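From first to last, the protein sequence lines stand for chains Y and H. Letter 87 of the first sequence, counting from 1, is numbered 86 in numbering that gives the first Met the number 0, and no numbers are missing. Letter 216 of the second sequence, counting from 1, is numbered 215 in numbering that gives the first Met the number 0, and no numbers are missing.
No lab work stands behind these hints: they were computed from the structure. Note that this is a predicted model, so its numbers are computed, not measured. Careful: at least some of the hints might be erroneous.
Unchecked claim - Partial list, derived from the structure: chain H residues whose beta carbon lies under 8 Å from chain Y:
{"no.": "1", "residue": "Asn68"}
{"no.": "2", "residue": "Tyr109"}
{"no.": "3", "residue": "Gly156"}
To be verified - Below are the EDC-like pairs computed for lysine to aspartate or glutamate, each with C-alpha atoms no more than 16 Å apart in a straight line:
{"no.": "4", "chain 1": "Y", "residue 1": "Lys35", "chain 2": "H", "residue 2": "Asp9"}
{"no.": "5", "chain 1": "Y", "residue 1": "Lys56", "chain 2": "Y", "residue 2": "Glu172"}
{"no.": "6", "chain 1": "Y", "residue 1": "Lys35", "chain 2": "H", "residue 2": "Glu7"}
{"no.": "7", "chain 1": "Y", "residue 1": "Lys361", "chain 2": "Y", "residue 2": "Glu21"}
{"no.": "8", "chain 1": "H", "residue 1": "Lys12", "chain 2": "Y", "residue 2": "Asp39"}
{"no.": "9", "chain 1": "Y", "residue 1": "Lys135", "chain 2": "Y", "residue 2": "Glu82"}
{"no.": "10", "chain 1": "H", "residue 1": "Lys6", "chain 2": "Y", "residue 2": "Glu32"}
Don't be surprised by glycine CBs; every beta carbon is placed ideally from N, CA and C.
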Amino acid sequence: MEKEGQIRIPSGCAIAAVISKEGRRMTGESITEAMKPMHDRSNGLGGGFAGYGIYPKYKDLYALHFFFNNRDTRKACEAMLKEDFEVVQSEIIPTRTIKEITDKPIIWRYFVSPLSSRMSALQIDEKEFVVRCAMKINSTVKDAYVFSCGKNMGTFKAVGFPEDVGRFYQLDEYEGYSWTAHGRYPTNTPGWWGGAHPFTLLDYSIVHNGEISSYDANRRFIEMFGYKCTLQTDTEVITYIFDYLLRRQGLSLEEAASVVAAPFWSTIAGRDAETAKKLSYLRTVYSSLLITGPFSIVLGFDGGLMALNDRLKLRSMVTGEKDDLVFIASEEAAIRVMAQDAVNIQAPAGGEPFIVRVKEGKY
Amino acid sequence: MTTIDAKELDFTKLNDRIRETAGDLEIVNCLGQRFIADGQSGRTITIQGVPGNALGAYLNGADIVVNGNAQDAVGDTMNDGSIVIHGNIGDAAGYAMRGGTIYVKGNAGYRAGIHMKAYKEKVPALVIGGGAGSFLGEYQAGGIIIVLGLTGKKIVGNFPGTGMHGGKMILRSDCKDVRFDKGVTVSPASAEDLEAVSSYLKEYCRLFNEDYEALMNAPFTIVTPDSSNPYKQMYVAN
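Isolated chain Y, as found in the complex (with noise of 0.2 Å):
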């Protein structure tokens, strides 16, 4: 069978996220729950998590969650990390053997923090560095994939539905103080263990429910930026370009989803002059980044997360609040599995960002 990266086949899936604003911490039990009720969305070939503050131990060395294939690629690729590393921490992610989950790679973690010397001779800081190391990984060394490489957040995902790569990973283990939620649906390509959901670059992932139209348009854009997509699945993409425009270029959230979900131009007509000028100009400049087709989507990032549909909303979502929880679902069946009676169910309007922050100094 050809793999993921080799075929294109021309998807519905599940979202869900929880957010603690005091930055309270909590097991993934309950985002994993979440997903049962939505368990018609998926289709069994991808489900995966994001989980945010679960490791505080090491929270300030990069945490690089690798898919091998085999003994002999893990070793050849340790020994390409400690080129450009300190290894702090090598070990295998605990999993359970469960019947619903076969095929597993091997699953390995690395904790480790970028030499100096090394960054200082490519006169680049230590984001950029990490980025590009990842991206070397995965465009040239056959068998491995680097599919998280933040700080104090991790990516777990799988071939399967997403209650049972909960449970495989065992993040009832784990306690964060913001979970994303993915189960997939996948249209486009076989679906393989790295194209799961979410999607991860430094501390930025993305969960995605959609079909975007505007893949190779962006994905052109995005290369020309150093950005590699491997993978012809529409969410890397969308996942190098929020890494593109929030620390590359420094935009705001808001402004980054102006971007990806610009409005109309009749809308921006009606909005009054300085707005109008600023979402002009962003139209302008990032033409290439608008993400047409339907779209609902989870960023998740270091404190915070923000959803966002596409302007036409062609895709479902909803928000829920309970106390310091703020939820986020494809279906509000979901956002009752975690707060039965959570209060405030909205659905934010196609292209307008929604945003919840842990508060300054709780994460």
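Position chain H relative to chain Y; hints supplied.
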């Protein structure tokens, strides 16, 4: 009346159970199961909890009451009967419905009443108590959409009536801040216009305990398509 506890039942099992029973039915602990009561007729089905997508699709005469919010595509292609939602409703409510009524106490999501249609005595109606999202009545081909704006949410979002070519929309607002599609005619509703839909307005008040006199003490706007073929020659000569 029969009661089904939907806890831990997936949509297939729940719908099998529903079809095994006859007469009035109550479903408790409902949580996201899809396709509930699809195609049903001649009974009342009351739901406690959150029903999943496509509630009452192809409904053929049954009456559904939801004591809570509903998700997407409620009453998709329904033919007859009623659906009453004591809460808000998700996207694409009444998608392509061709008969019967849907009453929503609160707000509706995007594309409410998309491609509703009517034929002879079959005239569907969708009544939304709060505000409606964008693309209200998109491609509407027939039937009646009523939005009352009682929740404080803006009466309707962007692009209402895009591609509308039949039926009518009645909005309880002067709609001064609403930009309609250019293919529709927007005017203040006359006494006759309101009289024609008064049975729906009264039924809304009865169902949700609103005061009819107070409800009517507001400006109303009626929206109808300019012609039966507003997009003539937009793409091809037709």
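Quick rundown of the hints versus the structure:
1. Here the hint on Asn68/H is kept, as its CB sits about 6 Å from the closest CB of chain Y, short of 8 Å.
2. With 8 Å as the threshold, the beta carbon of Tyr109/H comes within range of chain Y, its nearest partner Cβ sitting at about 5 Å, so the hint holds.
3. A hinted interface residue such as Gly156/H counts as satisfied when its beta carbon comes closer than 8 Å to some beta carbon of chain Y; here the least separation is about 6 Å, so the hint holds.
4. Distance hint between Lys35/Y and Asp9/H is fulfilled; the C-alpha atoms sit about 10 Å from each other, no more than 16 Å.
5. As the CA atoms of Lys56/Y and Glu172/Y are separated by approximately 14 Å, the hinted pair is consistent with the 16 Å bound.
6. For a cut-off of 16 Å, the pair hint linking Lys35/Y to Glu7/H stands: about 10 Å separates their Cα positions.
7. Proposed proximity of Lys361/Y and Glu21/Y is supported: the alpha carbons are some 6 Å apart, at most 16 Å.
8. Note on Lys12/H and Asp39/Y: the hinted pairing holds, with a Cα-Cα distance of about 13 Å set against a maximum of 16 Å.
9. A threshold of 16 Å between alpha carbons decides the hint, and for Lys135/Y with Glu82/Y the separation of about 13 Å falls inside it, so the pair holds.
10. Of the pairs offered as hints, the one joining Lys6/H and Glu32/Y holds, with about 14 Å between alpha carbons and a cut-off of 16 Å not exceeded.
In terms of the numbered hints stated before, the structure departs from none.
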